[in-house]
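Participant: Given the sequences, and given the hints that come with them, work out the whole structure.
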Amino acid sequence: MSGGNQASTRARRDRWRSAALLIRDLVRIHPRPFFIAVSGSSVFALCTVASAVVLRWIIDHVIDPRLRQGTVAVGTVVIGLGLVIAVGVIRAAGVVVRRTWAGIAHWRIAETLTGQVVDRLVAQPVSWYQRRPSGDLAARGGVDVDASVDVLSPLPFATGVVLLVFVSSMWMLLIDVPLGLFAVAIFPVLIAINITYQHRVDRHYTAAQGHLGDLSAAVHESFEGVQVVKAFGAEARETERLSVIAGRLRESRTSAVLLKGSFDALLDSIPALANVALVLLGAYRIRSGDITIGDLASMIYMFTLLVFPLRLIGFALSALPHSLAGWNRVREVLDEPLEADPELGVAVAADGVGVAFAGVSYEFEAGRAVLSGVDVSVVRGGTTALVGTTGSGKTTLLRLAAGLIGPSSGTVSTVPGTRTIVLQEAFLLGASLRDNIAFGGDFGDDEIWTALDTAEGRDFVEDLPRQLDTEVGERGVSLSGGQRQRVALARALVRRPALLLMDDTTSALDPSTEARVVARLRAALTDATVLMVASRPSTIALADQVVFLNDTTIEATGTHIELLATNDTYRSIMEAFELDRSDPDAVGAPVIGPGSVTGGAT
Amino acid sequence: MEDEELGGRLGAARILSRGVQEAPRLREGFARTMLYAVIGAAGRVVIPITVQQGIDHGFTSAGVRMGFVTTLCAIAGGAVIIGTLAQRAAVLRLGRRSEGALYDLRVRVIRHIHQLSLADHTEERRGALVARVTSDVETLAEFFSWGGLAWLLDGALMLIVAAVMLSYDWLLALIAFGVALPLVWVLRVVQTHLGKAYDKARSRNAELLGSITEVVTGAESLRAYKAGHIMAGRTKVVARQRGDAFVRAGTIGAFLFPSGEVFSALTVAAVVGVGVLRGTAGGLTAGALVGFVFLTYRFLEPIAEFTEVLDQTQTAVAGMRRLLGILDLPIGPPQPTSPKALPAGPLSIHVNDVTFRYRSRGEVDDDEPVLIGVSAKIPPGQQVALVGSTGSGKTTLGRLLARFADPLAGQVVLGGVPLTHVDNTELRSRLVVVPQEPFLFDDTIAANLGFASPGTSLAELEHAVTALDLDDWLASMPDGLQTQVGERGMQLSAGERQLVALLRASVADPDVLILDEATSSVDALTEVRMARALERLAQGRTTIAIAHRLSTAMRADRVLVLEHGRLIEDGPHDQLVEAGGRYAELFSAWVSSTSTGTDEA
Ligand SMILES: Nc1ncnc2c1ncn2[C@@H]1O[C@H](COP(=O)(O)OP(=O)(O)OP(=O)(O)O)[C@@H](O)[C@H]1O
Ligand SMILES: Nc1ncnc2c1ncn2[C@@H]1O[C@H](COP(=O)(O)OP(=O)(O)OP(=O)(O)O)[C@@H](O)[C@H]1O
Ligand SMILES: [Mg+2]
Ligand SMILES: [Mg+2]
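In the order they appear, the protein sequences are chains A and B.
Under this note's numbering, the first residue of the first sequence is numbered 1, with each subsequent residue one higher.
Under this note's numbering, the first residue of the second sequence is numbered 603, with each subsequent residue one higher.
Don't read these hints as lab results, they were simulated from the structure.
Backbone N, C-alpha and C define an ideal beta-carbon position, used for all residues, glycine too.
Some clues are possibly wrong.
Quick list of the computed label-pair ranges, beta carbon to beta carbon [claimed, not checked]:
#1 A:Pro31 - B:Gly780: 43 to 53 Å
#2 B:Gly631 - A:Pro337: 52 to 62 Å
#3 B:Leu776 - A:Tyr284: 36 to 46 Å
#4 A:Thr566 - B:Gln1086: 32 to 42 Å
#5 B:Thr1027 - A:Val307: 52 to 62 Å
#6 B:Gly665 - A:Val307: 31 to 41 Å
#7 B:Val786 - A:Glu332: 45 to 55 Å
#8 B:Phe632 - A:Glu332: 41 to 51 Å
#9 B:Tyr960 - A:Gly444: 26 to 36 Å
#10 A:Thr566 - B:Lys979: 46 to 56 Å
#11 B:Glu624 - A:Gly247: 11 to 21 Å
#12 A:Glu251 - B:Thr1027: 25 to 35 Å
Facilitator: This is the structure we're talking about:
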């Protein structure tokens, strides 16, 4: 029992520690605006106490003399009212300063953090991304940063409130020790209730936060796959599934709200009851002549003014767990060491060699090799076709050559100079065609048009009313499949690469367009080494060399003609369409019988 | 953002009242809640009244009347407790109702978004749509748990305080109201600016989130082209702009609360000044004046809190406006009012003079239509190949047949019923599209297949795999049907993703199957095997296959050729080859591209 208690005390202490660290780390980023906000808040706190002092003075020196004794000097009235207004205005100014600079601190710190996260994200290699869901990563730079800085907004005010509690306690004790002691004793009670409440409500808020995260992820996936959802008429089913998660969110939210309502009532009633008690106690003190009516009234006034600021300590505390969670997620990205850049592991190939793999293996997860013992080299300055069945590892091999991922064992070497890869599924930014082709590089329009020429993209771009300025929409949605592929190809070509890696980048082109693209590529890239995943025999036949990938390793290399003559599996793939044409009903013909897709027909 | 414009012209009050309409649960038992709130508010004027009574009747010049004070305090204590309980009841009732209402609203919005047309589901809007269900509803949740409550309780408080003030001294009360009145005007002005500033800040925020998402989803391309730092730079610029926008909004907001403060100082000064000037002539007592000072603060305290919650209210109104914007978007394509049932069995497809233009690239109106006067009559059960060069409009025509959008002119008639009269759910169960870059859910292969037809047993799924001659392939997957496919299916190769999508379509067992380059990334051998399997599968269905690999066209009953949005050829394979037109050209390109050159040469 006591052991559990100790553990929970320790956990609580740790939490306070990490909260303090969080605040320190955040404030350190932009301390100036934060401290300006804190000083504005201090002015506010001092003026709040001052306004109670002024009220006492007015009751004792203006209201009481005038309404009970009948006279008061005009000068006294003017001074009193002037003080009320002056204190009010300065107090307001403190608030303006506090809020403005608290905002500046909040957003500048968020901006800096977002920048740091993004810098970190782009510094990590592709292999790092493979293990992490993209929605989660995007959240770290956005909502998580916002969550972690949320703790800052109430902080300057809360600091002011601490000062306010301190100064007003001193002042009340100065007025009258017994009454003051009674009043001051209420503060710790209020703060203790606040903390207890926070502690209890945190559980529900944390649960709600988790459900909200689940809901966003599920909603995101459901909307992302909306085409599938619609295609199978699953709208109602999906709504049902999501509403279950929303229901869980509702439950923990409701518990939190109900708890909050009860505590709010308690926290409101305590100062009110204390005030009633003050009137009663005050009556004795007035009777004994220790205090004036003004003293008592201003104490009550002080107490009334404190209710809202004291609640703020609660708000500041309630932001803590939420901010800590966000901050931890942000830190995970910032603190995680940069993964070794696989690109640095790519060696320079020997003279005459374009790309070489020596004993290369690759596994996404331990024990399941996608590539194993790959040994092959590709001539420099030539075109090599990479052929293989679905899922045989072609994309993986190209990504290794591009230095996007590193081999589990073995070495990859390539020709020195610019290396570019055209991915199997073109990624286009939600920007103009020009930006998508230049993609951060500094290229003139004529260079871009030349690249488009080679990629057979000039015609369609010229047909667009705004040509290179056309916005393609996020991921290039407003282009057809073949158009996207050619834009991605032009992006690679404009860089005049020494090594061009193409991953089935003509799959969405009709055969005649494809034939023209290949012909132009050969004419334009005389010095470059080209390694391309290809499937059509005509394209493959144009290559100087063919690398045939099967069953996680290189099964054969040579020219197209050689492989046709020597490798049955290769031949069966190449002739599949031809055979199909000559005998459309030859289902299950021996050469393309089951087994040849994954196993080799050795 | 178009959807923001829709609700954009409505004022805040209209938005709120429509919000309540959309979430009727909020109105349930509202009168009772309000009654509790009023009692609760009454509890909050107990202290000023106690002070006034105490000063006037308890602490007389003659001395302190302890008996009176004791009774007074007992009554006051009781009143405070009753008020507190009433307030608690009001808060709990409202809390329960509002959480329920938010849930209803969320589910409504989700349902509505799922029913929107695909044209409204572009990638650029995806983030915004998700935000509607999450962060926008959250702004409302925050509002209800603090701001909305504050309006309700404080509104009641102000009314009661005003009544007590009037009963003490109507002249002083009117003076207090008069001095405080300009505050309302100040608040309105500031609020207008604030609203605009927040709208701007929020759209900057959306831009930032979009930009970060691009950094993550495009990580591989950015890396491959060493463009990461450039994208990071762009994102930082947006982050700065967002910060600026929020700081600006915050600065405007910073003047709200203090203006309430200044006005309360002025009002107190005015009340005390006039009270002292008039003296006891009007029957004013010292207690009443002190009580009045307290009441003035109490009266303006809610205003101060109003200004605090005004930011939040602005945010909530903006969130609500965006939600209404979504709910006001017509679901699309619109559900027919009196749907006609489709005949059973394979369906015919008649395309009558269809013209279509995308509106998303809308900056330029004179964009040429993507489809122009396309007509074709496809009898039930026919196997049709749709071919043409890239960008000719094949995918677009497929989308129109599946009613992901409606044509600009002309119509599509399915099984004798115009598509506009077909019930959406029935359409989806009878017609399935398999796109080129299919979307898979982050789950197992089995779960993805089962999505097509919930309740399908594992054995049935296995049967579907066998029917498509894909047993070998499945055996090569590490965990068979239980293999995890990863986010968007990224743990599979591109060809494998297509195989899963095709299997999924076959599990759905539709009467019309539209394959949009559904096997473009699959190797030749697998494709031919699948084509044959599909041929068997296609018996008794109408199939439209879009493909650049003309092996599909060859075995189809009929070939349609699209060029620049026009249907230029239509007929069986042999006939078109003989005719020597565009198809003959495409076909000979295909033949030469797929000949190994050893046998024929
Ligand atoms: N991120 C990943 N995690 C786990 N396994 C993966 C991942 N990506 C690919 N694989 C697996 O690795 C194998 C090779 O994939 P790869 O993408 O290299 O094939 P491919 O030859 O390019 O196929 P395709 O012709 O279909 O594009 C496949 O079996 C695939 O399931
Ligand atoms: N969402 C869109 N907004 C604007 N224009 C679009 C959109 N989608 C496609 N287009 C344009 O419409 C034309 C036809 O596109 P579509 O995708 O139908 O071609 P396709 O025949 O399927 O081509 P591919 O063989 O390359 O897939 C293209 O010029 C394309 O740029
Ligand atoms: Mg691949
Ligand atoms: Mg297409």
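Participant: Each hint: holds or not?
Facilitator: Here's how the hints hold up against the structure:
no.: 1; hint: A:Pro31 - B:Gly780: 43 to 53 Å; verdict: 45 Å, holds
no.: 2; hint: B:Gly631 - A:Pro337: 52 to 62 Å; verdict: 58 Å, holds
no.: 3; hint: B:Leu776 - A:Tyr284: 36 to 46 Å; verdict: 38 Å, holds
no.: 4; hint: A:Thr566 - B:Gln1086: 32 to 42 Å; verdict: 38 Å, holds
no.: 5; hint: B:Thr1027 - A:Val307: 52 to 62 Å; verdict: 56 Å, holds
no.: 6; hint: B:Gly665 - A:Val307: 31 to 41 Å; verdict: 32 Å, holds
no.: 7; hint: B:Val786 - A:Glu332: 45 to 55 Å; verdict: 49 Å, holds
no.: 8; hint: B:Phe632 - A:Glu332: 41 to 51 Å; verdict: 46 Å, holds
no.: 9; hint: B:Tyr960 - A:Gly444: 26 to 36 Å; verdict: 30 Å, holds
no.: 10; hint: A:Thr566 - B:Lys979: 46 to 56 Å; verdict: 51 Å, holds
no.: 11; hint: B:Glu624 - A:Gly247: 11 to 21 Å; verdict: 19 Å, holds
no.: 12; hint: A:Glu251 - B:Thr1027: 25 to 35 Å; verdict: 31 Å, holds
Consistency with the previously given hints is maintained throughout, with no hint failing.
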